[in-house]
Amino acid sequence: MLSDNDIKRIIEAGLDKKADYVEVYIEEHNARSVSLLNSKVIRSGSVFDSGIGIRLMSGVNTVYVYSNDFSIESLIRLASDAADSLKDSNSSVDFKLSNSVRTEPFIVVKDPLLVAKSTQVDFLREASDYALGYNPLITQVSSSLVSEDRLSRIINSKGINKEEMQSRVRLTFSTIATQGNEKQTGRVSPGWQQGYEVIENYPLKEKAKSCCDQAIRMVSAGYAPSGMMPVILCNGFGGVIFHEACGHALEATSVGIGNSCFKDKIGHQIASSCVSARDNARIKGEWGSYYTDDEGNDSSDLLLIENGICRNYLVDELGSRRMGMPVTGCSRRQDYSYAPTSRMSNTYIEAGNEKPGDIISDTEYGLYCADMGGGSVDTSTGEFNFAVNEAYIIRDGKICEPVRGATLIGKGQEVLMNIDRVADDLELAAGVCGSLSGGVPVTVGQPTIRVSKILVGGRK
Amino acid sequence: MDISAAKQFMKRLIDKSTSYGFEEAECCFMQDYSMSVDILNQEVSSYENSNEQGISFRGKVKGQMGYASTTSFEDSAIDFLLKEAYENCLVLDDEDEEFVYCDDNDKELFHDQTTPSFSKNTCASFSVVGLSLEKALKDIDPRVTAVDYLSISCGTGPVIVMNSKGLSSYKDSDYVSIFAEARATSEGVVKTAGNYWFGNDVDLFDEKKFVDVLGKKLLGKFGASSIKSGTYDIILGNEAFISLLSTFFGSFSSFNMQKGLSLLADKEGTVIASEALTLSEEPMLDKALLKIPFDSEGVRTKSKNIINKGKFETALYNTKTARKANRQSTGNGFRSSYASSVGILTTNIVIKPDSLDLEGLCKEVNNGIYITDLNGLHAGVNAISGDFSLQSEGYLIKDGLLVRPIEQITVADNFFEILKKIRVVGNDVINYPVDMGEFFSPSIVIDSVSVSGDE
Numbered sequence: 043m044l045s046d047n048d049i050k051r052i053i054e055a056g057l058d059k060k061a062d063y064v065e066v067y068i069e070e071h072n073a074r075s076v077s078l079l080n081s082k083v084i085r086s087g088s089v090f091d092s093g094i095g096i097r098l099m100s101g102v103n104t105v106y107v108y109s110n111d112f113s114i115e116s117l118i119r120l121a122s123d124a125a126d127s128l129k130d131s132n133s134s135v136d137f138k139l140s141n142s143v144r145t146e147p148f149i150v151v152k153d154p155l156l157v158a159k160s161t162q163v164d165f166l167r168e169a170s171d172y173a174l175g176y177n178p179l180i181t182q183v184s185s186s187l188v189s190e191d192r193l194s195r196i197i198n199s200k201g202i203n204k205e206e207m208q209s210r211v212r213l214t215f216s217t218i219a220t221q222g223n224e225k226q227t228g229r230v231s232p233g234w235q236q237g238y239e240v241i242e243n244y245p246l247k248e249k250a251k252s253c254c255d256q257a258i259r260m261v262s263a264g265y266a267p268s269g270m271m272p273v274i275l276c277n278g279f280g281g282v283i284f285h286e287a288c289g290h291a292l293e294a295t296s297v298g299i300g301n302s303c304f305k306d307k308i309g310h311q312i313a314s315s316c317v318s319a320r321d322n323a324r325i326k327g328e329w330g331s332y333y334t335d336d337e338g339n340d341s342s343d344l345l346l347i348e349n350g351i352c353r354n355y356l357v358d359e360l361g362s363r364r365m366g367m368p369v370t371g372c373s374r375r376q377d378y379s380y381a382p383t384s385r386m387s388n389t390y391i392e393a394g395n396e397k398p399g400d401i402i403s404d405t406e407y408g409l410y411c412a413d414m415g416g417g418s419v420d421t422s423t424g425e426f427n428f429a430v431n432e433a434y435i436i437r438d439g440k441i442c443e444p445v446r447g448a449t450l451i452g453k454g455q456e457v458l459m460n461i462d463r464v465a466d467d468l469e470l471a472a473g474v475c476g477s478l479s480g481g482v483p484v485t486v487g488q489p490t491i492r493v494s495k496i497l498v499g500g501r502k
Numbered sequence: 247m248d249i250s251a252a253k254q255f256m257k258r259l260i261d262k263s264t265s266y267g268f269e270e271a272e273c274c275f276m277q278d279y280s281m282s283v284d285i286l287n288q289e290v291s292s293y294e295n296s297n298e299q300g301i302s303f304r305g306k307v308k309g310q311m312g313y314a315s316t317t318s319f320e321d322s323a324i325d326f327l328l329k330e331a332y333e334n335c336l337v338l339d340d341e342d343e344e345f346v347y348c349d350d351n352d353k354e355l356f357h358d359q360t361t362p363s364f365s366k367n368t369c370a371s372f373s374v375v376g377l378s379l380e381k382a383l384k385d386i387d388p389r390v391t392a393v394d395y396l397s398i399s400c401g402t403g404p405v406i407v408m409n410s411k412g413l414s415s416y417k418d419s420d421y422v423s424i425f426a427e428a429r430a431t432s433e434g435v436v437k438t439a440g441n442y443w444f445g446n447d448v449d450l451f452d453e454k455k456f457v458d459v460l461g462k463k464l465l466g467k468f469g470a471s472s473i474k475s476g477t478y479d480i481i482l483g484n485e486a487f488i489s490l491l492s493t494f495f496g497s498f499s500s501f502n503m504q505k506g507l508s509l510l511a512d513k514e515g516t517v518i519a520s521e522a523l524t525l526s527e528e529p530m531l532d533k534a535l536l537k538i539p540f541d542s543e544g545v546r547t548k549s550k551n552i553i554n555k556g557k558f559e560t561a562l563y564n565t566k567t568a569r570k571a572n573r574q575s576t577g578n579g580f581r582s583s584y585a586s587s588v589g590i591l592t593t594n595i596v597i598k599p600d601s602l603d604l605e606g607l608c609k610e611v612n613n614g615i616y617i618t619d620l621n622g623l624h625a626g627v628n629a630i631s632g633d634f635s636l637q638s639e640g641y642l643i644k645d646g647l648l649v650r651p652i653e654q655i656t657v658a659d660n661f662f663e664i665l666k667k668i669r670v671v672g673n674d675v676i677n678y679p680v681d682m683g684e685f686f687s688p689s690i691v692i693d694s695v696s697v698s699g700d701e
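Which chain is which? The protein sequence lines are H and F, in order.
Numbers given in the numbering used here equal positions in the first sequence, counted from 1, plus 42.
Numbers given in the numbering used here equal positions in the second sequence, counted from 1, plus 246.
Chain H on its own, in the form it takes in the complex (with noise of 0.2 Å):
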């Protein structure tokens, strides 16, 4: 690995031509995974990659190199030669390398890279058996759980020395019932930034039941219906609407270039006055949690809407040169093969004031959505999509039969307006965010909320 002299070196060679600001990004990651299908162990993998990605500014103007050949001379060649197709940024940098800091994971007890395989498919195994023999309609159980460290290294031409471990564990359990030519699936998938033991103490085979009961139920379930209509999203992973429909368009990757319906928006009302929320990297072991981002600023809890006001970006290196705004401590990237950008941790919106059941019952007819998929925006227009995996029809203020196949699509701004309930349940589920920088772990999150009209896509 290389040494801190290296590592100045590779920073110098960047300043010694044109940039004004170098940053080296070295990382080493660790993983593994094990898979269950119907409670026999399919797939068990270990990985072990490392790589050195090195950016380069003068101005707004980037370079971005990137490799897993470690050598030195090539580094700095690579260095180099990347700085040469930079604009000239006509400043002088003093840099100096200071003394390394290192942040540890938020909370590990077990190291979940020392427990052994067999304990975990064990665990699996479990309830895997329990799910295949809970209803004859079962007809497949997948389980997998996957581990893995990642050491980050992140130091540049600002001063910046800095290295994080991060820890994650995520587990997926899904079923799949089937009636006649009908398959539906029942799924969860939880993630955290912890050790093992938050594995030991997930209590799966209550799960795996409630993953049985959402495929059965949605197997026999009618088409949804189409139109508009009051929508009410459920707590937890309902907040992909918030994550979807308004993060992407407040991140200085959108904002920045000015192709964000948000821009320009700071103090202005942009959601209903029911609606706060916050990006929050600092929530102790939760999946999408940092402490030192991957330009080595620290993170922060970000409020993003007041009362309906906007009062944030988020904001990186290079959107706060665009921008003319302070950083967050937002940049993410997958790794090393990504230049940071922008991105989400921990969003949600926060905590009304009222009950879950008064919303449902002041409801004369609509869609609940007790479990939403995916979805995407684009943030130019505002317009965004998404899959809702398990809804009901309400009808006079009572939760009634379900339906499959809805999806909802608007335009942010409007949907953020016609959010007119916030329910007391706040609750977070993970995730994973896929955009410039590559797949991050987020955690979106909100409480129960009514939206008062959203186009509906069914097929009745």
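Because the hints were derived from the structure by calculation, they are not lab data.
Keep in mind that a hint or two might mislead.
[To be verified] With a Cα cut of at most 25 Å, we get these calculated SDA-like pairs of lysine to any residue: (1) F/667 - H/263; (2) H/59 - H/48; (3) H/59 - F/479; (4) F/548 - F/602.
[As the list claims (entries may be wrong)] Stretch-level coverage of chain H by chain F, calculated; a stretch enters the list once three of its residues show a Cβ under 8 Å from a Cβ in chain F: (5) 310 to 323; (6) 462 to 472.
[Stated by the list, open to error] Non-contacting residues of chain F with respect to chain H, defined by C-beta distances greater than 10 Å in every case (computed): (7) 261; (8) 340; (9) 437; (10) 574; (11) 656.
If you're wondering where the values come from, they're calculated on a predicted model, not measured in any experiment.
Don't be surprised by glycine CBs; every beta carbon is placed ideally from N, CA and C.
Since chain H is already given, all that's left is putting chain F on it; use the hints.
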């Protein structure tokens, strides 16, 4: 790392595997050199250059195949790979046997498809192309206010498969791709559209054609509104059909069929689609940019009809699923990266075109919808049942003519029902990269599809 050093490392790895107790062993080396240039506001906003390599090992102990991978080529990496793969074998209890392949006639396949034009790809040459393209896009119309994303990239790198049965095969290829997304604004309404090109030689890039297509897509969206919910006959545009087909193509995987994850299980030899549909896989297709001579298991790839005039002739197999089905692999056992296990992926998929162009298809439909874009395919589908409900855009067809753009609608149906409801296949073939190769498809006409709108 040069190729001979990589081969020596692989040989040492295979040779040492027996001392760890492996009965069979295989390793796959992949290297990737890539470069990309992004343009924003008439400047090179970003330049990326990379050199990556990795190796994956799989070996069999007592009938179970364990995997491990790394980017390290130190001597210690050999012991890491063997130790981890061995320990992984010990927890497996897969009922379907995986094995290492070798055909005495195809032991040393070699296919170097790299082109001399690759050496022309530099930051400077890409900058010239990119700056000109950005200017041309902005000059389409005063309503085009920005080109938010414009990237030109290229890549190359060898793949080597070696195993303990004497197989040692090599392939290499290269590509150049260009993607741009432009934004237009009119009376406060914002629209975006993108276009994509790829080939081997950036000098063959036709800027005018690219700009014309993107401009038509983008400006054609102004004036869009929703429509009434109902059932419509639709033209599913070539791009939209490729995105839908590739999303559900896992149903043609024998792995999914054998595991009860595809409704096409036990349907080989039966009619599953309209007679209008013939769909083949052609790994070495002349007009394809990427020709795929062998898969990640070293099996020579083969041309075959998957659907012939509506009849499902064959699923896609790797060696493991083929053995279970008591037949030969179809050469579809691929790793998507060095760190992936061997799954089932496609090479070049071709929908056989017919005679009608888009104008002819509109006349065929007479009254209905032309769908140009389907969004949310990663979420709004049930990959097993085939159900989908997707945010869509397109045009209203009235009396055989495109009369106005449509937005804020969803199209909902079932993939397997759609295959049966194909009335006509057009001739407007486009190609788009999917998995290991490309999908080639024209637009198609589908009868009676559910559409939701709020008009």
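Hint by hint, here is what the structure shows:
no. : hint          : verdict
1   : F/667 - H/263 : holds (24 Å)
2   : H/59 - H/48   : holds (17 Å)
3   : H/59 - F/479  : violated (61 Å)
4   : F/548 - F/602 : violated (30 Å)
5   : 310 to 323    : violated (count 0)
6   : 462 to 472    : violated (count 0)
7   : 261           : holds (21 Å)
8   : 340           : violated (5 Å)
9   : 437           : violated (7 Å)
10  : 574           : holds (22 Å)
11  : 656           : violated (2 Å)
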